[in-house]
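Put chain B on the given structure of chain A with help from the hints.
Protein chains: 2
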Amino acid sequence: LSARLTIALDAMGGDHAPSVVLRGANRALRSHPNLEFVFYGREGVVRPELDRLRRLKKVSRVVHTDDVVDSGERASVALRSGRNSSMRLAINAVKDGQADACVSAGNTGALMAMAKFALKTVPGIDRPAMASFFPTLRGESVMLDLGANVNCDADNLVEFTVMGNAFARSVLGLEQPSYGLLNVGSEEQKGHEELREAAALLRGADLPGHFYGFVEGDDIATGTTDVVVTDGFSGNIALKTAEGTVKLYTEFLRRTFRSSPLASIGYLLAKPAMRKLGKRVDPRRYNGAVLLGLNGIAVKSHGGSDALGFAHAISLAVDLARHRFIDTIRADIGKLDRRPPATAQAAAV
Amino acid sequence: LSARLTIALDAMGGDHAPSVVLRGANRALRSHPNLEFVFYGREGVVRPELDRLRRLKKVSRVVHTDDVVDSGERASVALRSGRNSSMRLAINAVKDGQADACVSAGNTGALMAMAKFALKTVPGIDRPAMASFFPTLRGESVMLDLGANVNCDADNLVEFTVMGNAFARSVLGLEQPSYGLLNVGSEEQKGHEELREAAALLRGADLPGHFYGFVEGDDIATGTTDVVVTDGFSGNIALKTAEGTVKLYTEFLRRTFRSSPLASIGYLLAKPAMRKLGKRVDPRRYNGAVLLGLNGIAVKSHGGSDALGFAHAISLAVDLARHRFIDTIRADIGKLDRRPPATAQAAAV
Chain A
1 LSARLTIALD AMGGDHAPSV VLRGANRALR SHPNLEFVFY GREGVVRPEL DRLRRLKKVS
61 RVVHTDDVVD SGERASVALR SGRNSSMRLA INAVKDGQAD ACVSAGNTGA LMAMAKFALK
121 TVPGIDRPAM ASFFPTLRGE SVMLDLGANV NCDADNLVEF TVMGNAFARS VLGLEQPSYG
181 LLNVGSEEQK GHEELREAAA LLRGADLPGH FYGFVEGDDI ATGTTDVVVT DGFSGNIALK
241 TAEGTVKLYT EFLRRTFRSS PLASIGYLLA KPAMRKLGKR VDPRRYNGAV LLGLNGIAVK
301 SHGGSDALGF AHAISLAVDL ARHRFIDTIR ADIGKLDRRP PATAQAAAV
Chain B
1 LSARLTIALD AMGGDHAPSV VLRGANRALR SHPNLEFVFY GREGVVRPEL DRLRRLKKVS
61 RVVHTDDVVD SGERASVALR SGRNSSMRLA INAVKDGQAD ACVSAGNTGA LMAMAKFALK
121 TVPGIDRPAM ASFFPTLRGE SVMLDLGANV NCDADNLVEF TVMGNAFARS VLGLEQPSYG
181 LLNVGSEEQK GHEELREAAA LLRGADLPGH FYGFVEGDDI ATGTTDVVVT DGFSGNIALK
241 TAEGTVKLYT EFLRRTFRSS PLASIGYLLA KPAMRKLGKR VDPRRYNGAV LLGLNGIAVK
301 SHGGSDALGF AHAISLAVDL ARHRFIDTIR ADIGKLDRRP PATAQAAAV
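Protein chains in written order, with the working numbering: chain A, 1 to 349; chain B, 1 to 349.
Bound-form chain A, shown alone (with noise of 0.2 angstroms):
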């Protein structure tokens, strides 16, 4: 039996608030029975929606705020006037240990904002980064960072390294995973030279599972490495092209058995087949950006998610929370050999 978990939750962030929040967690209790809410929000437009929702009901409390972080608010601007925002509440929560997790699907960068000031990072863990996992053609991967820090140096992608490795570990369930930074070729000389700084570092590491090298794009999708490392800006362009892409194939797809009777026929056939396919490429599947690094967990919900996706947002949240996620990363950063290596090179003398 396992414990019972607190989740926070951010009631007014996202396109569909509050009600794909609630239709989420409504959701994700049926896949996670232990689960107990907080909704943070205005409670004239939360409380009606959940007492439709009787089950969620009995398992949830409404904290009320009036105040709400706009989508479009610049993050330096949300975490000064924006104290008492839905989004800030779930996440003190989460600091005050009242919840073992917060999600929220509103504005990004305030989210990791607030988050990093209120959470602060785990001690040698320069900066927090968000990852997700995503389907291969081997199974599933994580990829970090996918838009926090927008310029790395090589230690924040050796910090990276160890998150991704962690949450491989844990989330995914692989005992030794495979590691690699995504760069423009495989071979030693490519790249940023903050890329070959950090292979360079990660080879002389001591990190479970196996540091495989760079990886280029097209591994992503064939799953060459369990664990995906790049910088920031690099990995949001990575991520959107993919999701850009599977729409383009998506709507190509419609069109073709469109575009012949006999074609319409063979997709009437072939459509319990192809909504299974729907179902393994659904983003929504994959929906949950976690904020890793910090000394509680943050989940960043797609802000048009509908309810099945705010549901996998939390069940990501509700993994991390069951695995000491946070844990493993205070242990394996403090592994590292962080002296610098002419200090590490004197010392072998």
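Derived from the structure by calculation, the hints contain no laboratory data. Hints may contain errors.
[What the hints assert, rightly or not] Using 27 angstroms as the maximum straight-line C-alpha spacing, the simulated DSS-like pairs for lysine-lysine come out as follows:
{"#": "1", "chain 1": "A", "residue 1": "K116", "chain 2": "B", "residue 2": "K190"}
{"#": "2", "chain 1": "A", "residue 1": "K116", "chain 2": "A", "residue 2": "K95"}
{"#": "3", "chain 1": "A", "residue 1": "K271", "chain 2": "B", "residue 2": "K279"}
Frame of chain A, contents of chain B only:
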């Protein structure tokens, strides 16, 4: 009636050379009957293959050389020691005016280094960029740089925009192309410093068409702009991520159609339409990356391409030559106001 064009081919470049190069040229001849070819490579292997292709033989010459650039060779080494290589001789043919364009499926780095060294950049262009076009929901777009320049400043990005814009007008036939800078968000304050600087410069530039601003990864497949401009690192990652995603989707689709007898029958009925789709997303159709910004046309074919793919790379070279693409770039780059903003302001007062 279109004029006769001569294409110089590196007969030894690529995984399946010289066979693919010769059969690719033979195929290209079907759609472009006015072509002439010069094959650079080992006569002993090129000649027997050419002898079997009667029609091609009539319009072809073979220039023998023993030297071949190795696929793993570093660009700097190839540049120094590959002066008599098949790749270099093909480039020299363009430089000396003996050919209108050259195509190679060999070592990308070496081709870039040699082409830049031999052909030199157009005055006003600091660095050449790799460009290719690709399918979108709206039709076709062009993206650059795809990997020639890992680190780019704002001026490089502006020059890439001029080149991409000219490419869209000549190869894609768009009179007023829209163009955007690839970034991690559409808001003005997003992304790297050099992107914001390039955006400011482009807003003030007088290029044909419309500057859209920043685009994101998913805009590539959507076709939000006709031209997507980015540095070579992000461009390479976006391109390869899209390729990997298409492969993944295709494989999932294949498995789907085999997952039940009904789905298999459905597939049989839909097969002719599926073939059409296959053609539409066939990477061979989009084979051929051009090295833009040089005083001559050099096209890189994918190293693993087959004859169809190689024929497409030749077609791209033909399009660029026919549309006097380089003259367009020369004219456009001359129109750019390259004075620093301060001087420009002073002049306006």
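Status of the hints after comparison with the structure:
1. A:K116 x B:K190: Distance ~19 angstroms between K116 (chain A) and K190 (chain B) Cα, so the pair holds.
2. A:K116 x A:K95: The hint holds at about 11 angstroms.
3. A:K271 x B:K279: Status holds; Cα separation ~22 angstroms.
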